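*Asks:* Each chain is listed here by its residues.
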Amino acid sequence: SQKIEQNSEALNIQEGKTATLTCNYTNYSPAYLQWYRQDPGRGPVFLLLIRENEKEKRKERLKVTFDTTLKQSLFHITASQPADSATYLCALALNAGNMLTFGGGTRLMVKP
Amino acid sequence: EADIYQTPRYLVIGTGKKITLECSQTMGHDKMYWYQQDPGMELHLIHYSYGVNSTEKGDLSSESTVSRIRTEHFPLTLESARPSHTSQYLCASSDPGLAGGGGYNEQFFGPGTRLTVL
Numbered sequence: 001s002q003k004i005e006q007n008s009e010a011l012n013i014q015e016g017k018t019a020t021l022t023c024n025y026t027n028y029s030p031a032y033l034q035w036y037r038q039d040p041g042r043g044p045v046f047l048l049l050i051r052e053n054e055k056e057k058r059k060e061r062l063k064v065t066f067d068t069t070l071k072q073s074l075f076h077i078t079a080s081q082p083a084d085s086a087t088y089l090c091a092l093a094l095n096a097g098n099m100l101t102f103g104g105g106t107r108l109m110v111k112p
Numbered sequence: 001e002a003d004i005y006q007t008p009r010y011l012v013i014g015t016g017k018k019i020t021l022e023c024s025q026t027m028g029h030d031k032m033y034w035y036q037q038d039p040g041m042e043l044h045l046i047h048y049s050y051g052v053n054s055t056e057k058g059d060l061s062s063e064s065t066v067s068r069i070r071t072e073h074f075p076l077t078l079e080s081a082r083p084s085h086t087s088q089y090l091c092a093s094s095d096p097g098l099a100g101g102g103g104y105n106e107q108f109f110g111p112g113t114r115l116t117v118l
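Residue numbers (this note's numbering), protein chains in the order written: chain A, 1 to 112; chain C, 1 to 118.
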């Protein structure tokens with residue numbers, strides 16, 4: 001079965017810096033990979049989707065890369081703000097007909 | 001803000017009680033899901049539905065049951081709650097879109113129900 005690894009330790013960065021979060025997966029290569037933000041006591045909120053044939057996707061201050069050789073996705077937040085503090089989850093699907101498998105998430109803390 | 005609602009938000013109940021967690025969405029999505037999430041842990045899929053009268057079990061075995069008699073409504077029921085059922089339960093929905101399937105389009109999540117069984 002697919003295993004997804006995200007750094008369980010919190011990432012602490014200074015406001016204005018770029019935050020980089022990592023999502024590694026084993027076994028099969030996913031057709032799609034998604035990133036979600038989850039605040040305490042709330043449901044996840046979708047941020048970005050990247051397909052297996054895409055290297056990079058951007059949305060405002062967010063950037064996602066997808067390296068199928070390394071079996072890794074990187075999630076970047078540029079010019080980070082304290083409001084970006086949350087847990088970020090990656091999720092992947094083997095193909096369009098499969099359900100999402102979620103990683104455990106990485107907690108990001110942006111200090112002013 | 002996603003148009004998907006869950007009630008109650010918090011529930012503390014004694015062992016052996018029957019409970020139903022409600023989930024409703026107003027987006028007309030065919031696909032709906034229930035996830036279980038313990039603090040700091042992954043979301044685990046316990047049930048999903050492709051549409052009315054369709055229900056499937058997810059990757060994580062669960063003693064709960066679900067029903068889907070209306071597109072907008074996907075309740076989860078525990079016939080006899082136990083302390084091991086204590087967790088956060090998240091409901092979600094998605095639009096299959098052009099490529100079909102649950103992995104292509106974003107999932108919209110409700111706020112969750114935090115269940116505590118004493």
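Some hints could be false.
What the hints assert, rightly or not - Here are the simulated SDA-like cross-link-like pairs (lysine to any residue), alpha carbons at most 20 Å apart as the crow flies:
| hint | chain 1 | residue 1 | chain 2 | residue 2 |
| --- | --- | --- | --- | --- |
| 1 | A | Lys3 | C | Glu63 |
| 2 | A | Lys3 | C | Glu42 |
| 3 | A | Lys63 | C | Met41 |
| 4 | A | Lys111 | A | Asp67 |
As the list claims (entries may be wrong) - Selected chain C positions facing chain A (Cβ under 10 Å, derived; list incomplete):
| hint | residue |
| --- | --- |
| 5 | Val12 |
| 6 | Leu45 |
| 7 | Gly58 |
| 8 | His73 |
Since the hints were made in silico from the structure, they are not lab data.
Bear in mind the structure is a predicted one, so any value in this text is a computation, not a measurement.
Heads up, the beta-carbon is just placed ideally off N, CA and C, and yes, glycines get one too.
*Asks:* Are the hints correct? Go through all of them and say.
*Replies:* Structure-based check of all given hints:
1. A:Lys3 x C:Glu63: Violated, at roughly 24 Å.
2. A:Lys3 x C:Glu42: Holds: lysine 3 (chain A) and glutamate 42 (chain C) sit about 11 Å apart, inside 20 Å.
3. A:Lys63 x C:Met41: 24 Å, violated
4. A:Lys111 x A:Asp67: 30 Å, violated
5. Val12: 15 Å, violated
6. Leu45: 6 Å, holds
7. Gly58: 7 Å, holds
8. His73: Hint violated; histidine 73 (chain C) Cβ to chain A Cβ min 17 Å, cut 10 Å.
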